[in-house]
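> With these hints in hand, go ahead and build the complete structure from the sequences.
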Amino acid sequence: MPWELKSDRPIYSQLIEQIELRICSGVYPLGSKLPSVRDLAQEAAVNPNTMQRALAKLEEDGLLYTNRTSGRFVTEDVNMIKQVKNRLAKEHVQVFLKKMTELGFDYEEILSIITTIAEEMKE
1 MPWELKSDRP IYSQLIEQIE LRICSGVYPL GSKLPSVRDL AQEAAVNPNT MQRALAKLEE
61 DGLLYTNRTS GRFVTEDVNM IKQVKNRLAK EHVQVFLKKM TELGFDYEEI LSIITTIAEE
121 MKE
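Going letter by letter, the sequence shown gives residues 1 to 123 in our numbering.
Note that these hints are calculated values from the structure, not bench results.
Cross-link-like lysine-lysine pairs, in silico, DSBU-like; alpha carbons within 30 Å at most: (1) Lys57 with Lys98; (2) Lys57 with Lys85; (3) Lys33 with Lys6; (4) Lys57 with Lys82; (5) Lys6 with Lys85; (6) Lys82 with Lys122; (7) Lys57 with Lys90; (8) Lys122 with Lys98; (9) Lys85 with Lys122; (10) Lys6 with Lys99; (11) Lys57 with Lys6; (12) Lys6 with Lys82; (13) Lys57 with Lys33; (14) Lys33 with Lys82; (15) Lys99 with Lys85; (16) Lys33 with Lys85; (17) Lys90 with Lys6; (18) Lys85 with Lys98; (19) Lys122 with Lys99; (20) Lys90 with Lys33; (21) Lys98 with Lys6; (22) Lys82 with Lys98; (23) Lys99 with Lys82; (24) Lys122 with Lys90.
All values derive from a computational prediction rather than experimental measurement.
As structure tokens, this is what we get:
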């Protein structure tokens, strides 16, 4: 999963979002050890201090924890991961609904479009 950083928002907050996404999608499974700050920073092409700040925030939020001798690890708390997944899903849906209503669709039309696309994807 490539790092997709845009210049329209702070890099720090984008790193947090992308690491959360990687945890929720299983790229970094529960209980797994994360690469070092330097390795992650190099992979994302960002300053190590920026990556450190993002990881510290995720640790503060409880999604990561540090073992002094071994590095940083993803939490093993399944409920925490579910909460993050639900929050991310809600944020994505809200952005989608806002854009669709800006295009002039009402909620019934939006649901119809979603249903049609979901049925097409099943095939």
